[in-house]
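Q: As a plain string of letters, each chain reads:
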Amino acid sequence: DTAVSQTPKYLVTQMGNDKSIKCEQNLGHDTMYWYKQDSKKFLKIMFSYNNKELIINETVPNRFSPKSPDKAHLNLHINSLELGDSAVYFCASSHGGRDTQYFGPGTRLTVL
Amino acid sequence: QKEVEQNSGPLSVPEGAIASLNCTYSDRVSQSFFWYRQYSGKSPELIMSIYSNGDKEDGRFTAQLNKASQYVSLLIRDSQPSDSATYLCAVKGLGSGNTGKLIFGQGTTLQVKP
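Chains as they are written, first to last, in the numbering used here: chain A, 1 to 112; chain B, 1001 to 1114.
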């Protein structure tokens, strides 16, 4: 059974389009995260939700909007995609903020 | 100055040797330190965490923390080709305990040659 899953695994789209990435965890965790990993492998946190409440909102363009319908799901919607948005996006989850974070398989987004 | 710094490598060691990976951090009040391993095309996987000064051993892995020098390292003994991956150092600050905010270094690529 997959602990943290993401869909889709690959996403190729044109500049200006709007796309969503979905994340689900079946670990019973209450905290979920979105990270962006650029082409140089640098992994940077974007957002974090605890019990559906936004607790981390890094300096991210407001074209990015996370949504957490419940504790087990965290989605990422991106409007007006730009070339610089091309990256691998990882979802992660943990028990609160103090526990180990478990990462999903990643979504490779390519903007053409 | 980057918050968490690692030498990007690649670090190349022969099979059976000790691989030494280093990381420095800028926030003096950082509390928690982690090493993640990431194989090419895969997601990061936690291999070690360390919270107090000194050494922590787990199998072939030893994490070392020196808060005075703001330095954390990972030693891999008896390196195997399967250890070839990128190793990410991550730091959690004093105020990040509840939020879980991790600051990652850029990673060090390790190559273990048979």
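Rather than coming from a laboratory, the hints here were simulated on the basis of the structure.
Here a beta-carbon is modelled for each residue, glycine too, at the ideal position from N, C-alpha and C.
Accuracy of the hints is not assured; some may be wrong.
[As the list claims (entries may be wrong)] Below, simulated DSS-like cross-link-like pairs (lysine-lysine); rule was C-alpha separation at most 25 angstroms, straight line:
no., chain 1, residue 1, chain 2, residue 2
1, A, LYS19, B, LYS1042
2, A, LYS44, B, LYS1101
3, A, LYS22, B, LYS1067
4, A, LYS36, B, LYS1067
5, B, LYS1067, A, LYS44
6, B, LYS1042, A, LYS41
7, B, LYS1002, A, LYS41
8, A, LYS71, A, LYS36
9, A, LYS52, B, LYS1101
10, B, LYS1101, A, LYS41
11, A, LYS36, B, LYS1002
12, B, LYS1042, A, LYS40
13, B, LYS1101, A, LYS71
14, A, LYS22, B, LYS1101
15, A, LYS44, B, LYS1113
16, A, LYS44, B, LYS1002
17, A, LYS67, B, LYS1101
[Stated by the list, open to error] Simulated coverage check for chain B against chain A, where a stretch passes if three residues somewhere in it have a Cβ under 8 angstroms from a Cβ of chain A:
no., region
18, 1063-1070
19, 1104-1111
Q: Hints first: check each against the structure and report whether it holds.
A: Hints and how they fare:
no.: 1; hint: LYS19/A to LYS1042/B; in the structure: 22 angstroms, holds
no.: 2; hint: LYS44/A to LYS1101/B; in the structure: 10 angstroms, holds
no.: 3; hint: LYS22/A to LYS1067/B; in the structure: 38 angstroms, violated
no.: 4; hint: LYS36/A to LYS1067/B; in the structure: 28 angstroms, violated
no.: 5; hint: LYS1067/B to LYS44/A; in the structure: 23 angstroms, holds
no.: 6; hint: LYS1042/B to LYS41/A; in the structure: 11 angstroms, holds
no.: 7; hint: LYS1002/B to LYS41/A; in the structure: 15 angstroms, holds
no.: 8; hint: LYS71/A to LYS36/A; in the structure: 21 angstroms, holds
no.: 9; hint: LYS52/A to LYS1101/B; in the structure: 16 angstroms, holds
no.: 10; hint: LYS1101/B to LYS41/A; in the structure: 18 angstroms, holds
no.: 11; hint: LYS36/A to LYS1002/B; in the structure: 17 angstroms, holds
no.: 12; hint: LYS1042/B to LYS40/A; in the structure: 15 angstroms, holds
no.: 13; hint: LYS1101/B to LYS71/A; in the structure: 18 angstroms, holds
no.: 14; hint: LYS22/A to LYS1101/B; in the structure: 21 angstroms, holds
no.: 15; hint: LYS44/A to LYS1113/B; in the structure: 30 angstroms, violated
no.: 16; hint: LYS44/A to LYS1002/B; in the structure: 12 angstroms, holds
no.: 17; hint: LYS67/A to LYS1101/B; in the structure: 18 angstroms, holds
no.: 18; hint: 1063-1070; in the structure: violated (count 0)
no.: 19; hint: 1104-1111; in the structure: holds (count 3)
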